[in-house]
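Undergrad: The sequence shown runs 1 to 200 under this note's numbering.
Just to be clear, a hint being listed does not mean it is correct.
[As the list claims (entries may be wrong)] With a Cα cut of at most 25 Å, we get these calculated SDA-like pairs of lysine to any residue:
no.	residue 1	residue 2
1	Lys143	Thr190
2	Lys143	Arg108
3	Lys90	Arg108
No lab work stands behind these hints, which were simulated from the structure alone.
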Amino acid sequence: MNFDELKIDRRLLDALSGRGFTTIHVSTGAEARDAVLELLPGGSLVAHGSSATLQQIGLVEELQSSQNLRYGNADWIAESDAARRTEIRKRISINADVYLGSVQAVTRDGQVVGADLTGSRQAFYTFGPAKVVWVVGANKLVKDLEAAIARVYQVALPQEDARVRSIGWGGSAVNKLVVYSGEPVPGRTTIVLVDENLGY
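Build out the structure end to end from the sequences listed, making use of the hints.
TA: This is the structure in structure tokens:
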């Protein structure tokens, strides 16, 4: 499938808003990082899933060094026992005041598609944390749901698979695929849309 380059415009913002998503539109990754940081109340518990996008814009580094936030990922990363690490990660993520991440595609009519090997991000996007914030680059904008799902398999998966193999893991797969057709809780999910290519 040919993924035509589409731009973030008023039509898209209105479509997302009509489905209950809060939108912020910025030009650069640096602006996206700053916009997300402004959304995080002082003292709040913040967690995130694995995200090339968050790494690219420097947000993870900012969270790691923050003196004003409780960076939940630090707790489970510090645990050496795998079983305990998983339990700590689940507890912190589901109870986070704000859970951060990205998704694999956003359609012109405002549907969002996310995918995971284990569901460790989609679980908390769908339920638990009081607030969810996604940072989404313009490269993830597609015309419709068919193109969004194709993008997961043809664009995002090969890059993620290469990444995990490069660090000695056994590869990736699309085991959990979620279509976010709307956000029923007002103000829960914010999408920061960026006029740059970010992530997979």
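Undergrad: Between lysine 90 and arginine 108, is the straight-line Cα distance small enough, at 25 Å or below?
TA: Measuring from Cα to Cα gives roughly 33 Å; hence the hint is violated.
Undergrad: Is it true that the CA of lysine 143 sits at most 25 Å from the CA of threonine 190?
TA: 21 Å, holds
Undergrad: Check whether the Cα positions of lysine 143 and arginine 108 lie no farther apart than 25 Å.
TA: 5 Å, holds
In summary, the structure is inconsistent with hint 3 from the numbered list given earlier, while agreeing with all the others.
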